[in-house]
Amino acid sequence: MPATSSSASEPAGPGGLGGNRVVAGGIGAIVLILLGAAVLLFLNLPDANAFNARVERLFVENDALRSGAEIRLLEILAQSGTAFSEVLASYRMVIFVLLVFAAALLIAALVFLVTIVALNRRISAIQRSGIQVSSLMISREARAVYINDMEFALTEAAIETLSVLAEARMDDEVLTGAEIEGVITGRRAADCDEAAGAVRVKRLRDALGNQMVSELLVKTIARRGYVLAVGKDVIRVI
Amino acid sequence: MPLPRCLPLILPLLAALPAEAACYADWKAKQDQPLRLAYGVAELPDTACSGPDAAAAALAPRLSAAGWTLLNVVSLFGAEGLEPRRASAGDFFLRF
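Keeping their order, the protein sequence lines are chains A and B.
Start counting the first sequence at 1416; every next residue gets the next number (the numbering used here).
Start counting the second sequence at 88; every next residue gets the next number (the numbering used here).
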């Protein structure tokens, strides 16, 4: 789960790491607790000789128990107790197997819990950002952009604008309208009109359709310019 | 030798015979795995007749030599107590 979240929003990264620590600690705690429980169980289960010891005490404490028949009877009692001790051993095995199952289930539950927490975090991050671009692929030849594997056909000019913005994004730069115009036309930014670049951005947004969605994709930063609201590592230009 | 004169010599001899088996004890013992229990009667020397502890100390080695572990000494008694216990002790009547 951390692998898939690496591309997207920042909070998921550290969240994933913390989740791993929680999982490791939780599993350690579960195993420790159950090991302790197992040790306690094995130590506290009555051993095979408990019954024999009782019979022996009975024999010692009652002076009247001395005839041969009575003694045979006591011995038979002790033997049935010893037979029961074999049952105890099998109980011990059953209890141990159940403990192992319990450990496995608890570990699975913990892993799922952490997964759910991480997923919730991602979903809320997605809800906050409105659109989560997990891949943005610009294809100049096909004159198309693939956003989250959805294909959007663009005009030559819009592709040009998008490519410039993508390159700037990869360099962590914010471009003004004049700079965009300058890069596309090959002139110096100082010689270019800010409005010309703004028009290019507007056309790109229009070409991408839904204005709100494209507004989220091509973000305007007041008094600085335009930037793609996309993680740099998801952009591919082919 | 006239009889009255040798009497003092014979009397201690007669008295010494029962002194060798001054008392008797009935005991309880066990064997482990599988548990076996036993009740028996044993003859004790004079030195072991002072009490149950002394009797136990004298009896334990004799029983363990035969593979039995002494549990306790039930009582100490004289020769008159032998007959009532003969049936209960069975095989272990004066065996050790």
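If you're looking for bench data, these hints aren't it; they were derived computationally from the structure.
It is possible that some hints are incorrect.
[To be verified] Listed next, with one range per pair, are the computed distances between beta-carbon atoms: (1) N159/B <-> I1510/A: 12 to 22 Å; (2) T134/B <-> L1456/A: 44 to 54 Å; (3) A141/B <-> N1477/A: 49 to 59 Å; (4) A153/B <-> I1510/A: 38 to 48 Å; (5) P139/B <-> A1468/A: 17 to 27 Å.
[Claimed, not checked] So these bits of chain B aren't anywhere near chain A, every CB distance computed over 12 Å: (6) D113; (7) L131; (8) A141; (9) P148; (10) S151; (11) A166; (12) L169; (13) R172; (14) A176; (15) L181; (16) F183.
[Stated by the list, open to error] Stretches of chain B that chain A covers, calculated by requiring three or more beta carbons in the stretch to come under 8 Å of a beta carbon on chain A: (17) 114-128; (18) 155-163.
The beta carbon of each residue, even a glycine, is placed where N, CA and C say it ideally should be.
Structure versus earlier hints, numbers of those that do not hold, lowest first: Checked against the structure, the hints that fail are numbers 1, 3, 6, 13, 14, while the rest are satisfied.
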